[in-house]
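Colleague: Listed here are the chains, written in short residue letters.
Protein chains: 2
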Amino acid sequence: MKEEIVSFQNILAASRKIGSFVARTPTYHSVVFSQRTGAEVYLKLECFQPVGVFKIRGAVNKICSLPPSELKKGLVTSSSGNHGVAVAYAAKIYGAKAVVVVPENAVKEKVEAIEAYGAEVVKYGKDYDEAYSKALEIQKKTGIIFVHPFNDSLVIAGQGTVGLELLEDVPDLNTIIVPIGGGGLISGISVAAKTLNPNIRMVGVQPEGAPAVYRSWKAGKIVEVDSVNTVADGLAARKPLDLTFRIIKKYVNDILLVTEQEIGEAVLALLHEAHILAEPSGAASLAALLSKYHPKPEEKVAVIVSGANISIDYLASLLKQT
Amino acid sequence: MKEEIVSFQNILAASRKIGSFVARTPTYHSVVFSQRTGAEVYLKLECFQPVGVFKIRGAVNKICSLPPSELKKGLVTSSSGNHGVAVAYAAKIYGAKAVVVVPENAVKEKVEAIEAYGAEVVKYGKDYDEAYSKALEIQKKTGIIFVHPFNDSLVIAGQGTVGLELLEDVPDLNTIIVPIGGGGLISGISVAAKTLNPNIRMVGVQPEGAPAVYRSWKAGKIVEVDSVNTVADGLAARKPLDLTFRIIKKYVNDILLVTEQEIGEAVLALLHEAHILAEPSGAASLAALLSKYHPKPEEKVAVIVSGANISIDYLASLLKQT
Numbered sequence: 001m002k003e004e005i006v007s008f009q010n011i012l013a014a015s016r017k018i019g020s021f022v023a024r025t026p027t028y029h030s031v032v033f034s035q036r037t038g039a040e041v042y043l044k045l046e047c048f049q050p051v052g053v054f055k056i057r058g059a060v061n062k063i064c065s066l067p068p069s070e071l072k073k074g075l076v077t078s079s080s081g082n083h084g085v086a087v088a089y090a091a092k093i094y095g096a097k098a099v100v101v102v103p104e105n106a107v108k109e110k111v112e113a114i115e116a117y118g119a120e121v122v123k124y125g126k127d128y129d130e131a132y133s134k135a136l137e138i139q140k141k142t143g144i145i146f147v148h149p150f151n152d153s154l155v156i157a158g159q160g161t162v163g164l165e166l167l168e169d170v171p172d173l174n175t176i177i178v179p180i181g182g183g184g185l186i187s188g189i190s191v192a193a194k195t196l197n198p199n200i201r202m203v204g205v206q207p208e209g210a211p212a213v214y215r216s217w218k219a220g221k222i223v224e225v226d227s228v229n230t231v232a233d234g235l236a237a238r239k240p241l242d243l244t245f246r247i248i249k250k251y252v253n254d255i256l257l258v259t260e261q262e263i264g265e266a267v268l269a270l271l272h273e274a275h276i277l278a279e280p281s282g283a284a285s286l287a288a289l290l291s292k293y294h295p296k297p298e299e300k301v302a303v304i305v306s307g308a309n310i311s312i313d314y315l316a317s318l319l320k321q322t
Numbered sequence: 001m002k003e004e005i006v007s008f009q010n011i012l013a014a015s016r017k018i019g020s021f022v023a024r025t026p027t028y029h030s031v032v033f034s035q036r037t038g039a040e041v042y043l044k045l046e047c048f049q050p051v052g053v054f055k056i057r058g059a060v061n062k063i064c065s066l067p068p069s070e071l072k073k074g075l076v077t078s079s080s081g082n083h084g085v086a087v088a089y090a091a092k093i094y095g096a097k098a099v100v101v102v103p104e105n106a107v108k109e110k111v112e113a114i115e116a117y118g119a120e121v122v123k124y125g126k127d128y129d130e131a132y133s134k135a136l137e138i139q140k141k142t143g144i145i146f147v148h149p150f151n152d153s154l155v156i157a158g159q160g161t162v163g164l165e166l167l168e169d170v171p172d173l174n175t176i177i178v179p180i181g182g183g184g185l186i187s188g189i190s191v192a193a194k195t196l197n198p199n200i201r202m203v204g205v206q207p208e209g210a211p212a213v214y215r216s217w218k219a220g221k222i223v224e225v226d227s228v229n230t231v232a233d234g235l236a237a238r239k240p241l242d243l244t245f246r247i248i249k250k251y252v253n254d255i256l257l258v259t260e261q262e263i264g265e266a267v268l269a270l271l272h273e274a275h276i277l278a279e280p281s282g283a284a285s286l287a288a289l290l291s292k293y294h295p296k297p298e299e300k301v302a303v304i305v306s307g308a309n310i311s312i313d314y315l316a317s318l319l320k321q322t
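From first to last, the protein sequence lines are chains A and B.
For the first sequence, this note's numbering begins at 1 and goes up steadily by one.
For the second sequence, this note's numbering begins at 1 and goes up steadily by one.
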């Protein structure tokens, strides 16, 4: 048997280490979405993290583990945006310089946030995977540490702390619905939740326009899609990688695909009915609950609202339609 | 000397009592607004409370203190909206029926939230003060408990827990900027903060279109304004009342007025630059920091972002202008 990639103990350790810089976000019992679905719906509000996204958990857990000699040399990463914001924030805390490679179409507000935290932004390529190649090139040339957005056991353990908090708040949870890009979040939550309750149901969500993990999970092996096309920029990866995919294969019970329209409707539903600002990637989980997942009556379902960093142009265009 | 209305010990007690239902919100060091103002700016994100507003603190602290015999008879309150949402939420937790009187122009989304938590909404009058009279009438007729939105020492003590958290997070804070409607929030925070550090500067903010507390504070006695006109519906009270006014007279160092345009710009600044959804009343404090308050270099300023429950129509109209 292969060694565990991330253990429950790794997640407990992360939880102790990241506490000073990461919010203990609320698990909010939503009356409105419970009434609408007949389930007991809990929103885990990772959109309420200081940097507006769960990614801060993994980035802080990784960066606080690096030796000062490495931090001094600086860090490099690739990101569709949110992981870059989190790395820039964590690097600032630990006094490290950071270079963040983002695709050319990265959401403007995310790029501005990365720069505001003092990191250098390099725009490269048509999508996340091209930016990733460029970041690896910089890493090879300079020898500085690469902080992978998901395929790293410390990053996965950091994201797993979401699962600890969820089961602390709702110990008898039945189901957890999680958006999937590279799969770091669902991997970490799965290890935490399945350790505490092996019967818990882990449901992943991907956009129809970026279904690489869905297809890989169906095929039982890593499948790369040729291109991605979705407003959920945080979920637009062309393929999973080995660490997250191994955990997903082991633990995830189902993966659902949602349309662009369902994602937009979920962003609006959160705004109108709960006054919560979520970005498309962060609302994809609610989109799945409201459209594709059919909970049993009174099933206790947690929906991870993973981020808030929405493009204001997209928000304005959504509001115009209503 | 008059007896203390709210003591530091009352606030500590509230902090212990309300913990299960109220979020310990983040105090977020904002790089963007620090750079813009030259101060060290901390946003206290009460907009991240489960019901989207700090009011849950006072409502839970009040309602959990009531004897079961009173809870069984039900509760009545008046509110521009947010206190009503909080009372409906707390009443649901403690199994009490609640009647919430709101003015006829109350924000639609707030009314829907009150109803979603199972409370009865009565629409009455052209503004908060007229709704208040109606609620008192219901209280007299029925004899059930009236949960005042601000002029109640348990409610004020509940709001004061914001101050405890702030000084726990930033012990050497210099200044706290707080929006004022009836003055419950600034009263509670003032007692907590001035007890811990008598030199801390308390700055209140009111809209130019609803300056009753500002005028009262200037005059040294309660002044009623004839009418109020502001998009910051949570701050639209026509007069303060005795409890909050006595605390404000004692502790508040300055009160600033902001324009409707400054409020709108602050809502947009939070959205664009920090991806935080705040309602106009909740952004008034940032409006004051960005326009009327002139911090010293590196002054440590906390800005209370008190609520998120924005009218979607107003948000759409703001985004259209940009």
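No lab work stands behind these hints, which were simulated from the structure alone.
Some hints could be false.
For chains that are exact copies, the list does not tell them apart, and a pair is met inside one copy or across any two.
[To be verified] Calculated pairs, DSS-like style, for lysine-lysine (alpha carbon to alpha carbon, straight line, at most 30 Å):
no., residue 1, residue 2
1, Lys97, Lys296
2, Lys108, Lys320
3, Lys218, Lys92
4, Lys72, Lys250
5, Lys320, Lys134
6, Lys92, Lys72
Colleague: Now tell me, hint by hint, if it's right for this structure.
Modeller: Hints and how they fare:
no. : hint             : verdict
1   : Lys97 to Lys296  : between (49 Å within a copy, 29 Å between copies)
2   : Lys108 to Lys320 : both (20 Å within a copy, 18 Å between copies)
3   : Lys218 to Lys92  : neither (40 Å within a copy, 44 Å between copies)
4   : Lys72 to Lys250  : neither (38 Å within a copy, 50 Å between copies)
5   : Lys320 to Lys134 : neither (37 Å within a copy, 37 Å between copies)
6   : Lys92 to Lys72   : within (12 Å within a copy, 53 Å between copies)
Of the hints listed earlier, those the structure fails to meet are numbers 3, 4 and 5, in rising order.
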